[in-house]
Structures are given as structure tokens and as C-alpha cells.
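Our numbering numbers the first residue of the sequence shown as 106 and each following residue consecutively.
Derived EDC-like pairs (lysine to aspartate or glutamate); straight-line CA-CA distance at most 16 Å:
1. Lys396 / Asp477
2. Lys214 / Asp120
3. Lys396 / Glu407
4. Lys214 / Asp196
5. Lys396 / Glu356
6. Lys396 / Glu359
7. Lys214 / Glu121
8. Lys396 / Asp361
Because the hints were derived from the structure by calculation, they are not lab data.
Note that the coordinates shown come from a computational prediction; the quantities given were computed from them, not determined experimentally.
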Amino acid sequence: MNAPAPRTRLMLVEDERIVATNLRLRLDQLGYEVSAVASSGEEALSHAHESWPDLILMDIRIEGEIDGIETAERLNRIRPVPVIYLTAHSDEGTLARARSSSPFGYLLKPFSEREMHATIQMALARFEAQETLRASRDEVRRLADELDQRVPERTRELEESLEDLSGFAHAVAHDLRSPLQSIYGIASLLQADHAAQLPPEGQRHVERIAEVSMHMSRMMNGLLALARIARAPFARREVDLCVFVRETARELAERDPARQVDWVIAPSVVAQADPNAAEVAIENLVQNAWKFTANRPRARIEFGVRRFTDETIFFVSDDGVGFDMAQANRLFQPFGRLHKPGEFPGDGIGLATVRRIVERHAGRIWAESQPDRGTTVYFTLAPATPVASLGGLPN
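Please take these sequences and the hints and turn them into a complete structure.
Written out as C-alpha cells, the structure is:
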């Protein structure tokens with residue numbers, strides 16, 4: 106058999122004995138437990154220390170040096186408790202003082218049993234809601250404090266993990282590069298000195314070994330470069346990115362003087378960036394544009410900047426082969442090639458390196474492209490703030 110629910114415990118503070126006795130009887134009939142009756146503020150404080158009530162019915166004008174309002178304020182400084190004032194006085198001064206103590210209700214004498222019961226129930230419900238809200242706020246505050254402590258800790262752990270992963274990638278790439286170079290060297294010697302002694306099929310196998318080992322060696326070099334980006338010292342200063350663009354363009358033109366390319370380079374684009382990292386990023390972006398415009402009789406490659414109120418966006422644009430935007434999520438991943446290996450040279454490391462550099466600058470990078478219409482790669486070198494519109498950017 107279930108035990109009966111505990112009754113709500115009330116304290117009654119009333120200095121008129123007959124009124125107090127009558128109220129106690131009526132409260133008992135309504136199902137409440139009157140745990141204490143006090144005639145003064147001092148007595149009420151003493152009873153509360155012995156047994157804390159769920160609610161207090163407090164006459165405003167009572168015996169002793171402190172009235173009901175001050176008694177309620179002192180009790181609430183000890184511990185929150187809902188107080189309903191009982192008074193025969195409704196003058197504005199008394200009510201103003203009562204309001205300042207944030208009571209849970211008023212009962213103007215004389216009042217009915219039904220009115221008293223409804224006021225008590227409303228006060229208890231309101232107090233329970235306030236305590237639930239207070240507990241929720243305390244829990245949110247506790248979780249926020251815990252999060253404040255854990256974020257730096259988790260960030261440090263993540264940085265250590267990334268450092269370990271970067272070191273592992275560097276070690277693996279470095280250790281694999283030497284045997285790959287040996288394999289390529291042996292295959293080259295076989296081709297140079299013993300090709301005549303090999304049957305045609307054997308010559309093809311040796312040639313394939315040389316090609317694959319060279320390709321793997323380039324991939325390892327790319328991984329080493331990617332790992333070095335994460336481990337290299339990093340310091341921002343003012344750099345003119347156009348200097349790197351012009352230097353890369355000059356080197357590419359010297360390497361392939363037959364290419365016809367219209368270069369559109371902004372006069373000066375100054376950014377706060379690590380010079381070494383910025384040079385690597387620009388070099389990879391420009392080389393990428395050069396590579397994918399190789400089949401154009403006369404190509405166009407542009408480097409520029411668009412300045413908005415909340416951020417500066419740099420871009421490298423070309424009119425090359427482009428790609429399907431459905432594949433864009435692979436563009437900046439290591440070895441994320443969007444074209445067949447035989448179509449264009451490369452190992453898929455360049456744009457992954459650019460992404461790593463941009464992220465070290467707390468920036469972001471993305472691309473827009475259309476097949477056979479060209480590609481524009483955008484990037485920032487500062488904490489990214491979403492812009493309302495990118496309309497008017499070159500595509």
C-alpha cells in the first residue's frame with residue numbers, strides 16, 4: 106500500500122491569538138500542516154531555524170522590533186521561501202514596502218477559505234517553477250564553467266594529436282622516399298645498361314617499375330611538404346602577394362615559352378601572412394591554373410582581391426577545363442584529383458597544401474567552377490566572417 110503524500114508544511118506568523126487559532130484550524134481542514142505559529146519576527150526566525158517551512162503566511166504588523174516585511178526579507182536571505190502577506194492595511198506605503206520584498210501573494214483581511222487556498226496553491230506552483238528555473242540556470246552555469254575549463258584542455262590534446270600525426274606522416278614519407286629512390290635508380294640502370302638483354306615484355310615491366318616508383322616518390326615529396334607546412338615556424342607580417350604571383354608566372358613562362366597566356370595581376374595586394382607559407386600557397390594556386398589551361402590556344406589567368414566590410418577575399422581565376430561542382434568536396438583533399446591521371450600531370454597534393462596554409466592563417470578556401478568554363482579559387486587569410494553576398498566576383 107502506498108504511503109500518503111507528505112502534507113505541505115506552513116508557518117503562520119500572526120500576533121492575534123484568536124485569528125491565529127482560527128487560521129490554523131482552517132488550514133488543517135484544507136489539508137495543510139501548520140508546523141509552527143509565531144507572534145513576532147524573532148519567534149518566526151527561531152522556528153524557521155528549527156524546521157524550515159514550505160510556505161509562510163505572514164501578517165505585516167506583528168509583535169516585536171521587526172515587522173512582517175523585514176522578517177520575510179531576513180528569512181529569504183537565509184534560504185528562499187514563498188511568503189504570502191496577511192494584512193488589514195492596504196495603504197500605498199505598506200504595499201510599496203511589501204512589493205519590494207517580492208512576495209508570492211497578498212490576502213487582505215478578512216478573506217475566505219477558498220481565496221486563501223487558491224492563493225497558497227498559486228504561490229507554491231510559482232515557487233516551484235522559480236526553483237526549477239534557478240536549478241536549470243545553476244546547471245547551465247556549471248556546464249559553461251566546465252566547458253570553459255575543458256575547451257583549452259581539449260584544444261591542447263587536439264594540437265598534440267595533430268602534432269603527433271604530422272610527425273608520423275613526416276616520418277613515414279621520409280622513410281619510404283629512400284627505398285623508392287633506390288627502386289627507381291635500379292630500374293633506370295636496367296633500362297640504360299641491360300635493356301638489350303631483356304625481352305620486350307621485361308623492358309615494359311622495368312619501364313613500368315620506373316614510372317610507378319617515380320610517381321610514388323613525387324607523392325612522398327608532396328606528403329613531406331604537407332607535413333612541413335604544419336610543423337614549420339609561423340609568423341605573420343605584411344606581404345605583397347602579387348610579388349609571388351609575378352615570380353611564379355615568370356618561371357612558368359620560361360619553362361614553356363610556347364604557351365600563350367594573358368596574365369591579369371592586380372598592381373599590389375598586401376596581406377598579413379607568413380611570407381614563406383604565402384609564397385607556397387600562391388605558387389600552388391598559380392601552377393594549378395597554368396596546368397588546367399594547357400589545352401587553351403590562348404589562356405587567361407587572373408589574380409586579384411575583393412574587399413568587403415567584414416573580410417577580404419583573394420582569388421585566382423582561370424578559363425581552363427573547370428570541373429563539376431558536385432566533386433568540389435574532393436578538391437582540397439590530399440590526392441583528391443578530379444580528372445583522370447593521364448589528362449593532366451600532378452599528384453593531388455598542391456591544393457591540399459594550400460588549404461593547410463589557409464587554415465593556419467585562420468582563413469577559409471573554396472572554389473567555383475563550370476566544366477570547360479574555368480575555375481576560380483577564393484581564399485581568406487584572416488578569421489572568416491560570412492558575407493551576405495558574393496555577387497560580382499569573377500567566375
